[in-house]
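One-letter residues, chain by chain:
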Amino acid sequence: MEQRFVYADHSATTGVRPEVLEAMLPYLKEEYGNPSSIYKKARSAKEALEKARGQVAKAIGAKNTTEVFFTGSGTEADNWALKGIFEAYANKGNHIITTAVEHHAILHTCDYLEKVRGAKITYLPVDAEGFVKLDELEKSITDETILVSIIAANNEIGTINPIEEISRICHEKGVLLHIDAVQAIGNIPIDVEAMGIDLLSISAHKFYAPKGVGALYVRKGVRLPSFIHGGDQERKKRAATENIPGIVGMGVAIELAVNEMEERNKTLIPLRDRLIREIEEKIPFAKLNGPREKRLPGHVNFSFEFIEGESLLLLLDMAGICASSGSACTSGSLDPSHVLMAIGLPHEIAHGSLRLTLGRENTEEDVDYIMEKLPPIVERLREMSPLYEDFVNGNVQPIIMKK
Amino acid sequence: MAMMYSEKVMDHFMNPRNMGEMEDASGVGTVGNAKCGDIMRIFLKVDEDGIIQDVKFKTFGCGAAVATSSMATEMIIGKTVQQALEVTNKAVMEALDGLPPVKVHCSLLAEQAIHAALWDYAKKNNVTIEGLEPPVDDIEEIVGDEE
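Sequence order for the protein chains is B and C.
Mapping of the first sequence onto numbering that gives the first Met the number 0: residues 0 to 402, in sequence order.
Mapping of the second sequence onto numbering that gives the first Met the number 0: residues 0 to 146, in sequence order.
Bear in mind the hints are in silico, worked out from the structure with no lab data behind them.
Just so we're clear, the structure is a prediction, and the values are computed from it rather than from any experiment.
Misleading hints may appear alongside valid ones.
What the hints assert, rightly or not - Straight-line Cα separation of at most 25 Å, PhoX-like style, residue types lysine-lysine; simulated pairs: (1) B:K372 - C:K7; (2) C:K34 - B:K286; (3) B:K132 - B:K119; (4) B:K82 - B:K219; (5) B:K138 - B:K172; (6) B:K219 - B:K39.
Unchecked claim - For the chain B half of the interface with chain C, some residues (derived, Cβ under 8 Å), not all of them: (7) T74; (8) D142; (9) F305; (10) E307; (11) E309; (12) L313; (13) A318; (14) H337; (15) M340.
Idealized CB from N, CA, C, for every residue including glycine.
Taking the hints into account, I'd like the entire structure generated from these sequences.
Here's what the structure looks like:
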């Protein structure tokens, strides 16, 4: 097969769809008005802002458009939810429950709240497939608990958590529930009303909208203080002149993503399952990380024993394939991904992880190409590996059993 | 990730020199551990005059780990064991046109791997290499100070 370019890192980011760019362009060009101004030119920007708010609200099943606040990113939404609730509900308690497999936007915010602001944080363990342990959640809630924050679908291993059950447990105990839905939106159905979600974080660039825009859903009645102080934007909760082009793009993109989801998943899920199956068939000592069912539609994550992830990514990149890894070398620290550690992978196996996340533009030919390139690359790295040498010479037993 | 490797690092990563095993090595050294994600093994063939005739390596690790191993082997072939001891991690890094700061520990690992192989050679052949210290088991202790 000829050299191709295969983008298989959709959990990292996605490219802006042509329809989305098209919708944005007028607001980068002639419709540059500031929505806070009163003249006619600004009115179209204001209308575009409110239309996008409506599109986001509808896509997540919000009852009122006023429950949607635009932010600069999913990370900002996560920060706002956690810091805001901690501040607003201080009279009730200082205990927040989250999980060991959250995105750093949650984990590092919790870390800050704990160390600087005196919060008590519980990090719930997950099972070997990355699902949050519900009995642990139930046991962890105390009278001091003000918030539970759980990731809807894991960015590294694709595990989709049982949100309805989590929500039932929280609400039986009268605790607010924040869901980080950054990876979930546009991939799996999210309905804040039906699922009983009180706060929800969204990031636009994960569903073919531009970077630099996100949103926080806040259920009516939930007290949330202002996060950025200044002007009257976002009902005085999040000051700053709105990123109108980005917000318009986000509105169009979320509508498209949600409308097309069912149809797209009819091809994306089989494509994912084919990739998983073929990796398992063709590469020995490979372990699928995360579950087979209840897994994000395009999400594949494997550990390959005896090799290290960054080397794998560099060789894949030379072959034109974009992927990512939970290896320490790609995180800038000596420890591999906290998610892979939390599902109980030994370090050796966690360092050799590869995440391939497929999206709407990937084809069967892309999977053909990945399967042409990946097995010899793994083989090549194993030939270089002293760990593999020790195994071949019978000095060590593999951790992952040969299929 | 998005880190920039020099062309030389990429060249040594893509086309590693002296990669492989050695049946009748005069000395073998393995350093690092799978826990921190890097393991290097160096095989030396040393003649009666104490000159390194051949070197092979095997590495489990990132691009920089492979490249530093490869470069280190090239730098000690043809040298005396005493000269090989003097090849520092800085020399290896310079020869590679530098490494990103988070990857400096890889070059230290390469230096340690050479030392461990020299130690093995010295022990097996009852030779003294002046200034050679026994290999450290936990490379991280060294890395911690350097970074």
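*Which of the listed hints are broken here?*
6, 7, 8, 13, 14 and 15
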